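Q: Please arrange chain X on chain H, whose structure you already have, making use of the hints.
So the sequences go chain by chain: H and X.
Heads up: the first sequence is residues 21 to 231, going by the numbering used here.
Heads up: the second sequence is residues 7 to 223, going by the numbering used here.
Hints were generated in silico from the structure; no laboratory data involved.
Hints may contain errors.
[Said to hold, decoys possible] Derived Cβ-Cβ restraints for the label pairs, each shown as a range:
1. X:Leu104 <-> H:Glu127: 29 to 39 angstroms
2. H:Lys102 <-> X:Val220: 21 to 31 angstroms
3. H:Gly204 <-> X:Thr213: 22 to 32 angstroms
4. X:Leu153 <-> H:Thr114: 50 to 60 angstroms
5. H:Asn113 <-> X:Val220: 43 to 53 angstroms
All of these numbers come straight from a predicted model, not from anything done at the bench.
Every residue, glycine too, gets a C-beta built ideally from N, C-alpha and C.
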Amino acid sequence: MIKRYRFWHLLVCLLGVILLIPDGFCVDDSDFEKLSRESAQIKTLKADFIQKKFMKILAKPLVSEGCFYFVTPDSLRWEYFKPLKSVVIAYRNTTRRYMYSEGKMVEDKTGGAQAMKIVLNEVAGWMSGKFDRNPSFKATIQKKENTLVTLTPVEEKMKGMIERIEITLAPKAGIVKSVKIFEGADNFTQITFNNVKINETIDAAVFREVK
Amino acid sequence: MKRLLPLLPVFFLFSCGALPVIQSSAVPLREQSFTCPFPFLKKPYRLVQTIETRMAGKTRNVIIGVTLIDPVSRSISCAVLTAEGMVLFEAASTPEELRVTRALPPFDSESFAENMLEDIRLIFLEPQAKLQERGYLSSGERVCRYLKANGDRIDVIQTKALKVEIKRYTSSGTLKRHIMFDKAEEDIYQLIELRASETMDYSLLMTLMEAQPVNTP
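Bound-form chain H, shown alone (with noise of 0.2 angstroms):
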């Protein structure tokens, strides 16, 4: 159970700082560092994005909708909108899980308080946008037609929950288009993010309150 949360709640912090990537950032295989630097001077950011889950099993993606809110050092929240509704908060040390029942949502308490400290320690790594300093993945860049960041997790265990990351970014523009997660073969999750605005003010409550 531990592990399956540690994994999702990666995955929701990585989420985060791919989007911190700022525009007009444009990488090459030396850029890790400015990457880094160029992330410091994000202070908050909002964004929507579209989730399609490819699978073998699915004659079509499943498709979530969802929106994504930061502001640094450490407040995240992801919350899906449809076809579930959920929320992952992270605020002020605490982070929690909450999902649409009965007409309300209500905190997820499978996880246990030892993985969200594991996660806490993951988010400081994450945050500060280094790539390639998260010993859990080793971190390349490529330019193809569009700038392509690949994360490989290192340890074994990851490898059988995910098999590679894959971040596109426009050409040029440095914008991210969006985010490929490969867990098999016929198994991949594509988010593509819209509407994404930096460093614009987002209510405190935003990581307090779940409606």
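A: Only chain X this time, still in chain H's reference frame:
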């Protein structure tokens, strides 16, 4: 010992005490050939459902279930995903084998896959069992009772509200599963509740998101 022999039927009768009595003789002649309730799939389908897990009356988790079922070959493929899209469990089964391709905690126990596939069969596939009895329960509901090779019994019940329920009993008459279809006829899979009697009782509330007929080659 011989003196005890006449008591054997009584022993068996009481050991099956939880199994409701079907009043076959109470069936009026004109109704003795009533059609058994059939909530099962007749052709291959792909079903996507939200599944709410409850224990002790409290919601424990909400996940997404994808199930691909062929009632002719009795083959099943299924997957369980989190709301975030992560695949927690994936398996495929035929009458010959069960193949688990992914199982993350807490879905990685040995018995989980077998129990899950068994529950899917119970809900969606016609029992591979002999129709043992049909008639009326004391509550007046129509029931068809199937006897499986392992001694388990499956009651398929039509309630007075014309909804269908399925109950699976062990060979000793213990109720293990109770499935309730909230809707009737073509919307029958819209909302399904499964109550499981195990060491830790639990229930699953399954709400249909998508149902797609599947063309077989």
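Q: Hint by hint, note whether the structure agrees.
A: Right, here's what the structure says about each hint:
1. Roughly 34 angstroms separates the CB atoms of X:Leu104 and H:Glu127, a value that falls within the hinted 29 to 39 angstroms.
2. As the Cβ distance of H:Lys102 to X:Val220 is approximately 24 angstroms, the hint placing it in 21 to 31 angstroms holds.
3. A hinted range of 22 to 32 angstroms holds for the C-beta pair H:Gly204 and X:Thr213, which are about 27 angstroms apart.
4. In this structure the hint that X:Leu153 and H:Thr114 lie 50 to 60 angstroms apart at CB holds, the actual value being about 54 angstroms.
5. Range check, H:Asn113 to X:Val220: about 48 angstroms between beta-carbon atoms, so the 43 to 53 angstroms window is met.
Of the numbered hints stated above, none is contradicted by the structure.
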